Amino acid sequence: MKIVEAHGLGLRTRRGWVYRDVDLTAEAGELHVVTGPPGSGRTSLLLALAGRFPHNEGTLRTRGPAALGQVAGVHEPDPALTVAEHIQERLLLLGPVPRRRRQLVPVAAVRARRAYRRDAFAAAIAGAGFTDVPLDPDVRGRDLTPQQRQVLGLVLATLSGPSLIVADDVDAGSDAPERAWLWEALARLADQGYAVVASARAVEPGARAVVHRLGDPSLPVRPDLSLPATTVPTRTVAVPAPAVPTDATDPAATADSDATADSDATADPDATADPEGAGDPAGDPATPDIVDPEVNR
Numbered sequence: 001m002k003i004v005e006a007h008g009l010g011l012r013t014r015r016g017w018v019y020r021d022v023d024l025t026a027e028a029g030e031l032h033v034v035t036g037p038p039g040s041g042r043t044s045l046l047l048a049l050a051g052r053f054p055h056n057e058g059t060l061r062t063r064g065p066a067a068l069g070q071v072a073g074v075h076e077p078d079p080a081l082t083v084a085e086h087i088q089e090r091l092l093l094l095g096p097v098p099r100r101r102r103q104l105v106p107v108a109a110v111r112a113r114r115a116y117r118r119d120a121f122a123a124a125i126a127g128a129g130f131t132d133v134p135l136d137p138d139v140r141g142r143d144l145t146p147q148q149r150q151v152l153g154l155v156l157a158t159l160s161g162p163s164l165i166v167a168d169d170v171d172a173g174s175d176a177p178e179r180a181w182l183w184e185a186l187a188r189l190a191d192q193g194y195a196v197v198a199s200a201r202a203v204e205p206g207a208r209a210v211v212h213r214l215g216d217p218s219l220p221v222r223p224d225l226s227l228p229a230t231t232v233p234t235r236t237v238a239v240p241a242p243a244v245p246t247d248a249t250d251p252a253a254t255a256d257s258d259a260t261a262d263s264d265a266t267a268d269p270d271a272t273a274d275p276e277g278a279g280d281p282a283g284d285p286a287t288p289d290i291v292d293p294e295v296n297r
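Per the UniProt record's numbering, the sequence shown starts with residue 1, numbered consecutively.
FYI, nobody ran anything at the bench for these hints, they're computed from the structure. Mixed in with the good hints there might be a few duds.
Computed spacing ranges between beta-carbons, pair by pair [stated by the list, open to error]: (1) P205 - A172: 15 to 21 Å; (2) H7 - L92: 25 to 31 Å; (3) L94 - R14: 36 to 42 Å; (4) T25 - P65: 16 to 22 Å; (5) P79 - R208: 29 to 35 Å; (6) D132 - T13: 39 to 45 Å.
Quick caveat: nothing in here was measured; it's all calculated off a predicted structure. The beta-carbon is built from N, C-alpha and C at its ideal position, and this holds for glycine as well.
Modelling step: build the complete structure from the supplied sequences, incorporating the hints.
Structure, rendered in structure tokens:
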């Protein structure tokens, strides 16, 4: 049974693509892993598959409800609550499984929700198949290790009896043995009939998973012809013409310049000493003063 079908899925914003050209089909009992570098859109894609994030390209079809595991910044343990309190709170919110849905919910989840007033912790852990994990029911959310946060998120996700479970960055902050245990735990969830989609930076060797890589430089990228070419606005700036330097090494030019200066000084001795011409800021320095002989007398 196909739980998730995504074809050409993408999200484009004004700043560019968040994720694009994603083809993913997950059936019940399968584990899929989305890998890629930071900023490749892994978290956004997982949330979109679970119906918590938009997409505006391609098609997405889902069957049955989806539940979130650990997603940093979106779905995390409460720092003040213990592990047991997290489970009790979730079971109280869910209540017993309605009779009309008991055939759609795994038997383990039904049993866990019946035990929400008795030993809820043990029933929930057993229902998820994580009895071998060292998870203390009295540890508060703020003190959980990265591996324990992932485990608690998966346990809480199974309580609602979803068809799809998503978990983000399952390998973050864990060492090699912890990562190996988490990959095996995700495979066990898939064996129970869930469609599981997780994200990670890399997949451990030997993990039973279908891998989808985002931002792979080896994959061809289809050019987006619908987007206009990016242009940079131009601005016209008036640039003054550069001054032509006088060639001081040319003796002829130097002699002509000196002769012209001496000729001007001899022809008009009063123009240089005229206070009006020197003090008039609006005067044109390029226009010589005209001397009236009648006035000078």
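message = Can you tell me whether the CB distance of H7 to L92 sits inside 25 to 31 Å?
response = Given a distance of about 39 Å, which is not inside 25 to 31 Å, the answer is violated.
query = Honestly, do P79 and R208 meet the 29 to 35 Å range at C-beta?
reply = 34 Å, holds
Cβ distance range 16 to 22 Å for T25 and P65, holds or violated = 18 Å, holds
task = Go ahead and decide if the range 39 to 45 Å is satisfied by the Cβ distance of D132 to T13.
result = 43 Å, holds
inquiry  = Verify the CB-CB distance for L94 and R14 against the hinted window 36 to 42 Å.
reply    = Taking Cβ atoms as reference, L94 and R14 lie about 39 Å apart, which means the hint holds.
task = Check the following: the C-beta atoms of P205 and A172 are separated by a distance inside 15 to 21 Å.
result = The hinted range 15 to 21 Å holds for P205 and A172, with Cβ atoms some 18 Å apart.
Checked against the numbered hints above, the structure violates only hint 2.
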